[in-house]
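Engineer: Construct the entire structure; sequences and hints are all you get.
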Amino acid sequence: MKPVRPNFWVSLLPALIACLIAAPGVSAQSAPDLDINSAAIVSLAKSLANRFAHLRPHLDTGVIGLTHDGSVALRDSASLDVKVLLVLDVLIAEENKDRATLYREIARANRRPEWESDLRTTFGRRWISRMPAGWFYRNEQGQWVRK
Amino acid sequence: MVGCASTLFFPVHPAEKAADKLIDDIWPGVAKSPTPEAKKQ
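First to last, the protein sequences are chains A and B.
Start counting the first sequence at 2; every next residue gets the next number (our numbering).
Start counting the second sequence at 7; every next residue gets the next number (our numbering).
Be aware that a few hints might be false.
As the list claims (entries may be wrong) - Derived pair list, reagent style DMTMM-like, types lysine to aspartate or glutamate, alpha-carbon separation capped at 20 Å:
id: 1; chain 1: A; residue 1: Lys47; chain 2: B; residue 2: Asp30
id: 2; chain 1: B; residue 1: Lys38; chain 2: A; residue 2: Asp61
id: 3; chain 1: A; residue 1: Lys47; chain 2: A; residue 2: Asp36
id: 4; chain 1: A; residue 1: Lys47; chain 2: B; residue 2: Asp31
Unchecked claim - Beta-carbon label-pair distances, calculated as ranges:
id: 5; chain 1: B; residue 1: Lys38; chain 2: A; residue 2: Lys47; range: 20 to 26 Å
id: 6; chain 1: B; residue 1: Phe15; chain 2: A; residue 2: Gly63; range: 34 to 40 Å
id: 7; chain 1: B; residue 1: Ser39; chain 2: A; residue 2: Ala54; range: 33 to 39 Å
id: 8; chain 1: A; residue 1: Lys84; chain 2: B; residue 2: Phe15; range: 46 to 52 Å
id: 9; chain 1: B; residue 1: Ser39; chain 2: A; residue 2: Asn51; range: 32 to 38 Å
id: 10; chain 1: B; residue 1: Phe15; chain 2: A; residue 2: Gln144; range: 30 to 36 Å
id: 11; chain 1: A; residue 1: Arg147; chain 2: B; residue 2: Phe15; range: 33 to 39 Å
id: 12; chain 1: B; residue 1: Pro34; chain 2: A; residue 2: Asp82; range: 25 to 31 Å
To be verified - Facing chain B, from chain A, some residues (calculated, C-beta under 7 Å):
id: 13; residue: Ala32
id: 14; residue: Ala46
id: 15; residue: Leu49
id: 16; residue: Thr123
id: 17; residue: Arg127
Treat the hints as calculated values from the structure; they're not laboratory data.
Yeah, the Cβ is synthetic: ideal placement off N, Cα and C, and Gly gets one too.
Structural biologist: As structure tokens, then:
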């Protein structure tokens, strides 16, 4: 039998790496659940849930919408009184601060701070996927779309 | 390069499960049906 040269195995490496890159979902399926039970995460989720009661009417009417990167943004304030708009501006700023902290805390709780950006993207996708029909979201091209 | 490595090893499926669980808590009764995995978590 002809002996296999070491160079043969080295030549397979690029193909192996390409397979790993092409099929990230295979390893993802068997990955353990993320830790989302830290005190900070639970507290942030409560804060977001409490604020949702105030944001929901504006989501329902399309005054505000979700963004592809996991935040909320003002969409159409034409119908709003100035005082209401000022309050809403504060609510949006607080909401986005909590959301940003949530993504950072999940990354930190799982000892992978470098995941923060990917978590934000994943949450952005899931918020939009889970939101009711009729709400608006801003896509990656900056366009507002009604679901 | 760091970004590539992060994306390559980022656990997409567990992250989606975590997102669905938290979205259920934050938008109770509002979010469209969660994935079966999120229900189990």
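Engineer: Looking back at the hints listed earlier, which ones does the structure fail to meet?
Structural biologist: Of the numbered hints, 7 and 9 do not hold.
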